[in-house]
Amino acid sequence: GAVVSQHPSRVICKSGTSVKIECRSLDFQATTMFWYRQFPKKSLMLMATSNEGSKATYEQGVEKDKFLINHASLTLSTLTVTSAHPEDSSFYICSAPRTGQGETQYFGPGTRLLVL
Amino acid sequence: GDSVTQMEGPVTLSEEAFLTINCTYTATGYPSLFWYVQYPGEGLQLLLKATKADDKGSNKGFEATYRKETTSFHLEKGSVQVSDSAVYFCAPQGGSEKLVFGKGTKLTVNP
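As they're listed, the protein sequences go chains C and E. Note that our numbering gives residue 9 to position 9 of the first sequence, counting from 1, and the numbers run on in steps of one. Note that our numbering gives residue 56 to position 56 of the second sequence, counting from 1, and the numbers run on in steps of one.
Bound conformation, chain C alone (with noise of 0.2 Å):
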């Protein structure tokens, strides 16, 4: 089945500094991406739409100088969040859509963010 890869997994780092996630399909190829945040006991948040090729689009009151979004190939895109603070800890998912599985979207199993 499709798969989903996220790195990575659990990420410790001091406020301040940026962090990188990266978002990979597997086994195939995906044009468009969603970048998800999940705070405990919530649901997700759509923060932003991933497009290869062009400027991410983002969910209103998602700070875009913040979450910096690079869709670099058909396969990967990445999620940077830049300066961060203990305020953006949480878990980011993401997750895209297979073309032909009757838009069915594959999620990765998610990055564990916590800024000290």
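Everything labelled a hint here was simulated from the structure, so no lab data went into it. There may be inaccurate statements among the hints.
[Unchecked claim] Simulated restraints on C-beta separations:
1) C:G61 / E:S14: 39 to 47 Å
2) E:T26 / C:C13: 36 to 44 Å
3) C:I12 / E:E69: 47 to 55 Å
4) E:Q81 / C:K41: 18 to 26 Å
5) C:F91 / E:T26: 25 to 33 Å
[Said to hold, decoys possible] Some residues of chain E that are not near chain C, with every Cβ distance over 12 Å (derived):
6) E69
7) G78
8) P111
[Claimed, not checked] Some residues of chain E that are not near chain C, with every Cβ distance over 10 Å (derived):
9) L13
10) E16
11) T20
12) T26
13) Y30
14) D54
15) S58
16) G61
17) F62
18) S72
19) Q81
20) V82
21) Q93
22) G104
Small disclaimer: the values here were computed from a predicted structure and weren't measured. Even glycine gets a Cβ: it sits at the ideal position worked out from N, Cα and C.
Once you have looked at the hints, place chain E on chain C.
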């Protein structure tokens, strides 16, 4: 914009009990409807889906029927197992492929 209201948990049941998790949505047009499941320590997985009115999605003994008249997509299972313990998310999907997630319902099944 699209939104979804999902029964909040937690829900605790004994093995072989009947499960219903309610989900209602608001959306423009006719979205596809999904239930995703997140097992402890794992990523979200598609459980079942329905793409048009009156369709019934089913998988692993779970069922949900796309009810346009009541804008609902309730999840049911006749006899739950301990292995069904997880968090369940209802999610409509519009034309832009964006999923709108409910808050999730944590299910715990005790032996």
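We went through each hint and held it up to the structure:
1. C:G61 / E:S14: 39 to 47 Å: holds (42 Å)
2. E:T26 / C:C13: 36 to 44 Å: Holds: the Cβ-Cβ distance is about 39 Å, inside 36 to 44 Å.
3. C:I12 / E:E69: 47 to 55 Å: With a Cβ separation near 50 Å, I12 of chain C and E69 of chain E satisfy 47 to 55 Å, so the hint holds.
4. E:Q81 / C:K41: 18 to 26 Å: holds (24 Å)
5. C:F91 / E:T26: 25 to 33 Å: holds (26 Å)
6. E69: Answer for E69 of chain E: holds, closest chain C Cβ roughly 23 Å.
7. G78: holds (25 Å)
8. P111: At about 25 Å from chain C, P111 of chain E clears the 12 Å cut-off, so the statement holds.
9. L13: holds (19 Å)
10. E16: holds (27 Å)
11. T20: holds (20 Å)
12. T26: holds (15 Å)
13. Y30: The claim stands: Y30 of chain E keeps its Cβ more than 10 Å from every Cβ of chain C (closest is about 12 Å).
14. D54: Per Cβ check, D54 of chain E is outside 10 Å of chain C; nearest 17 Å; holds.
15. S58: Fine: 15 Å to the nearest Cβ keeps S58 of chain E off the interface.
16. G61: Since the minimum Cβ distance to chain C is about 20 Å, G61 of chain E lies beyond 10 Å and the statement holds.
17. F62: holds (16 Å)
18. S72: holds (18 Å)
19. Q81: holds (22 Å)
20. V82: It holds; V82 of chain E is separated from chain C by about 22 Å at its closest Cβ, greater than 10 Å.
21. Q93: violated (6 Å)
22. G104: Its Cβ does come within 10 Å of chain C, the nearest being 6 Å, so this is violated.
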